[in-house]
Amino acid sequence: MSDKKHGGRFVRKVAEKVRRPGSDAPDDDLWESVQLARHAERPYTLDYINRMCSEFEEMHGDRLYGDDAALVAGFGRFHDRPVAFIGQQKGRDTNERTYRNFGMAGPEGYRKAMRVMEIANRLGIPVVTLIDTPGAFPGASAEERGQGGAISRSIQMMWRLDVPTIAVVIGEGSSGGALGLGVADRVLMLENSTYSVISPEGASAILWRDASKARLAAQAFKPTAANCYRWGVVDVVVPEPEGGAHTDHEQSAEILDQYLYRALTDLDAIPSADRRRARRERFRKLGPLRDPESGMGMATGRETPPPG
Amino acid sequence: MSRVGRNIHVSVDRLRQLAHRDARPRKIKADAGTCPKCDSHYSADEMSRNLRVCPACGHHFAVTARERLEQLGEPGGYVELWPELRAADPLQFTDLKPYAERIADAEKSTGMGEAIVCAELEVRHVPAVAAIMDFSFMGGSMGAVVGEKFARACDHAAQKGLPLIVLSSSGGARMQEGTLALMQMAKTVIALDALAEARVPVVVVLAHPTTGGVWASFASLGDVTYAEPGALIAFSGPRVIEETTREVLPSDFGRAERQLANGQVDAVVDRRELAQRIGRILHILSRPDVDPTAGTAPAGLQWAQGGAQKVKSMMDRIRPGSTDGEDAG
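Respectively, the protein sequence lines represent chains A and B. Residue numbering for the first sequence follows my numbering, beginning at 1 and increasing consecutively. Residue numbering for the second sequence follows my numbering, beginning at 309 and increasing consecutively.
A few of these clues could be false.
Said to hold, decoys possible - Capping the alpha-carbon separation at 30 Å, the derived lysine-lysine pairs in DSBU-like fashion look like this: (1) K620(B) x K468(B); (2) K345(B) x K468(B); (3) K468(B) x K285(A); (4) K620(B) x K285(A); (5) K416(B) x K405(B); (6) K213(A) x K405(B); (7) K405(B) x K285(A).
The set of hints was computed from the structure by calculation and includes no laboratory data.
In isolation and in its complexed conformation, chain A is listed as follows (with noise of 0.2 Å):
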């Protein structure tokens, strides 16, 4: 299949890259990511969906407050069958933009991610999220109308599914509202996306306590595909097309859709328990500490660069 030797050229590219000695990159180079990570051409959540589903219905509104525009949640048909997709939306005009609340989703989104999870997980139907936010919305509404909460029973459901789960780093993901659509069987992260705790704006207000050290931030938390999949943090590095996804949306889109549909398959031949236990494991060892008691390091990141 022509696609399939697509993917694996890219895959080849990216495993080189991550091989390359040094590949701790340079200062300038993690900056740059960030910044590509947030391209303004970026192909986001339902740039991806509609290009790789047949058809998709999206589903509004948490049933108990309001409808949420910064998250997209629905089912479509993916490959022939029915995939239940979740993902932060960002706005590519000002008006979007606006509309979209820049990708930050308050507590209605997290609800209304959680009514499509539980519709998918009682009808069998696996679960793809795409997470792209500099955060959970920042608001005195949010808060009060209970963001921790919702993002907390998000992360969670997610934990609970029976069926299938997978989530894709397509652009930028930080803090718990992007975690919030993590917890997965499998964590597929975009070549120049980024995945860290907090935005490298916000860890430089509160780190540094001025705002303009952004970059060292950046260079500090390191939040690139190739460190995210040597600490064990995602899976499997999905490639982009030269020059990034902003310069080619359909090339981006089939690229992924192939990675997707993979992954499905591989997680379609194991059993709902044994997946869910896998999946409870692979959360359980992230975070390397010493433990003097048992003598270890425990390191539990990957020391190899990702296979191609």
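Start from chain A and add chain B according to the hints.
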């Protein structure tokens, strides 16, 4: 003695105190000094007897994790679990100061290994496992060690059939551990489900402050959730919100009392009543011998039986000859 020659007594201590007040900015230490809210003075001893609550106005001061254990359990009656775990520095992180140095400093100044202490203890005669955070250790932030100790506490409680008491006081995920700190949110939430499977309750106490990734993970998933008076409970802190949205927030934004009105917590509980309230709810939730859902009594689930027995014998002493112990048990 003539009126003119009357001696005026002024305490030297008081003069010294006054001198300090003017000379340098006041630094409020948790163990001695002045209440920032009502300006009343107190001795360290008085304060600890009052569980670090201002006797005059009820302001709740920060409490270290070990002191919390003393407050909740019987004096000296707890067994600490996994105190040996220490943070690693996976990112070789440096902000204004290298992370490794920050950990060493925190360890030295607090005498603790990490921002959470786990222990087995009895709260008002009800045996339980406690996971208690300490804000004085790097802002109570959650890195791999906090995540791991919390997850182990969940497993331990589930295995022993004991309820879990969580006391949160944290600024959120530990940024110095980057993306891996974020993953601790998933790890802790997943770990909580071990308790659900063992059918034992989780009581969460939200102390000041409980924010960020800790509020957006295990701290908001308690079966019963109490908050200490005045505790800030929020995903995004007021400063971040004001900077991002330019909203003007009310002064009590995110505070426990307001979060009670918002429906985010079950009750605001004064620290001086906390142990009693936790003991009471655990007692209420403790099941009789028969599991109503299973129809049989699975082993290891009668976690409050010891407590119930003690209460019963206590009641018998108060009311000798009382035949119905049911109301106590």
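So, going through the hints one by one against the coordinates:
no., hint, in the structure
1, K620(B) x K468(B), "23 Å, holds"
2, K345(B) x K468(B), "43 Å, violated"
3, K468(B) x K285(A), "22 Å, holds"
4, K620(B) x K285(A), "44 Å, violated"
5, K416(B) x K405(B), "16 Å, holds"
6, K213(A) x K405(B), "14 Å, holds"
7, K405(B) x K285(A), "28 Å, holds"
Checked against the numbered hints listed earlier, the structure breaks hints 2, 4; every other hint is satisfied.
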